[in-house]
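Chemist: The residues making up each chain are set out below.
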Amino acid sequence: GIQVEQSPPDLILQEGANSTLRCNFSDSVNNLQWFHQNPWGQLINLFYIPSGTKQNGRLSATTVATERYSLLYISSSQTTDSGVYFCARDQAGTALIFGKGTTLSVSS
Amino acid sequence: DVKVTQSSRYLVKRTGEKVFLECVQDMDHENMFWYRQDPGLGLRLIYFSYDVKMKEKGDIPEGYSVSREKKERFSLILESASTNQTSMYLCASSLGTGWDEQYFGPGTRLTVT
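Chains as they are written, first to last, in this note's numbering: chain A, 1 to 108; chain B, 109 to 221.
If you're looking for bench data, these hints aren't it; they were derived computationally from the structure. Beta carbons: idealized from backbone N, C-alpha and C, even for Gly. Any given hint could be a false lead.
[Unchecked claim] Straight-line alpha carbon distances no greater than 25 Å define the calculated DSS-like cross-link-like pairs of lysine-lysine that follow:
| hint | chain 1 | residue 1 | chain 2 | residue 2 |
| --- | --- | --- | --- | --- |
| 1 | B | K179 | B | K163 |
| 2 | B | K111 | B | K179 |
| 3 | A | K100 | B | K165 |
| 4 | B | K111 | A | K54 |
| 5 | A | K100 | A | K54 |
| 6 | B | K111 | B | K163 |
[Said to hold, decoys possible] Distance windows between CB atoms, simulated:
| hint | chain 1 | residue 1 | chain 2 | residue 2 | range |
| --- | --- | --- | --- | --- | --- |
| 7 | A | R58 | B | R217 | 29 to 35 Å |
| 8 | B | V160 | A | D27 | 27 to 33 Å |
| 9 | A | G16 | B | M162 | 47 to 53 Å |
| 10 | B | E130 | A | Y73 | 36 to 42 Å |
| 11 | A | G52 | B | V110 | 18 to 24 Å |
So that you can see chain B by itself, here it is in the shape it has in the complex (with noise of 0.2 Å):
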């Protein structure tokens, strides 16, 4: 089975802090990808990688960054936490031979107060 994990299900965070989203898929997977979810927005793509040190702008980049230095794990940074980032994060990883089937982890619920 593909696992996909991510650090926290709940995160509560102050504006301007620095907060990490770490992401682990232990399938040897090539690509992975960062969305978020909001009510009314859906999910949308932040970032994503399809190698270790690559990385690729998604639809909504602003206010993020990615780290992928190793295989298995994608972190997803916010450099300065704001209000309007409160959402639900999910981490998603797929095989990387063409448009492979994507799994997605639990997710975060994240919090900017």
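If we strip away everything but chain A, and leave its shape as in the complex, we get (with noise of 0.2 Å):
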């Protein structure tokens, strides 16, 4: 079946830092996307990514969809970037099939 698989499952970092999250997947994409969940639970969009390259301010998503791999770039990290980051894509119909995510923590 289709296939998330994100690394690292755990990220620690000082404030400051950068970092690269790794989403590979099995098959062609129709829909990728990027979430991170707050403390809450809240799954906050960052970027919808079948295909290139977007930036918004200190994120940047790139997917390779002919590789099957997409990459989320974290710059100068901030505590309030801790958190579950996911990759998701599509799977039958317009459903989202979700890796299991990265846990990130910032400290200061």
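Since each chain sits alone in its own frame, please combine them into the complex, following the hints.
Modeler: Quick look at the structure:
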């Protein structure tokens, strides 16, 4: 079946450091999204990026569909960046299948 | 801004009770989804709907049903709540023209005792 694998599972950073989160997926994608789950459980949309590169402030993302991976870059990390980051892609119909997530901890 | 709201942030119910979780979106989206999130298992799709009165089973529909009588509202029903349905429930919606971006509500933490 369709697979979504995220790495690393956990990441610990000092404030100000940069990081790269990776998402590998099987088969071609029609939809790929990155989310940040805040401490209250809400999934915040970061990027809708089935292909190409996008940037939003300190965050950017790149999806190389032909090689079946997507990367989320966080620059100059802040404590408020802490939380779980999910990658998700389309499965049957238009629903999403999620990776297990990367838990990011940023300390001051 | 897309807004997806859920009726409760926290809910405590007893085993055997009938439970209704409500989700409302205000962007005239065609598609709506219910997921549950559990530690170690991640997010899994329960049911989704492409249109009013239309529903499709997801990966884990057992023990659940859904209702979509109006376009903006999608309800998840636990006919007889059990302790293994204690979980975080997340509702989402998307426009419906294709593989559109999904937007999520704040979630409902349900505890069944």
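Chemist: Each hint should be assessed against the structure and marked as holding or not.
Modeler: We went through each hint and held it up to the structure:
no., hint, verdict
1, K179(B) to K163(B), "holds, 12 Å"
2, K111(B) to K179(B), "holds, 14 Å"
3, K100(A) to K165(B), "holds, 22 Å"
4, K111(B) to K54(A), "holds, 23 Å"
5, K100(A) to K54(A), "holds, 23 Å"
6, K111(B) to K163(B), "holds, 22 Å"
7, R58(A) to R217(B): 29 to 35 Å, "holds, 30 Å"
8, V160(B) to D27(A): 27 to 33 Å, "holds, 31 Å"
9, G16(A) to M162(B): 47 to 53 Å, "holds, 49 Å"
10, E130(B) to Y73(A): 36 to 42 Å, "holds, 37 Å"
11, G52(A) to V110(B): 18 to 24 Å, "holds, 22 Å"
Violated hints: none; the structure is consistent with every hint.
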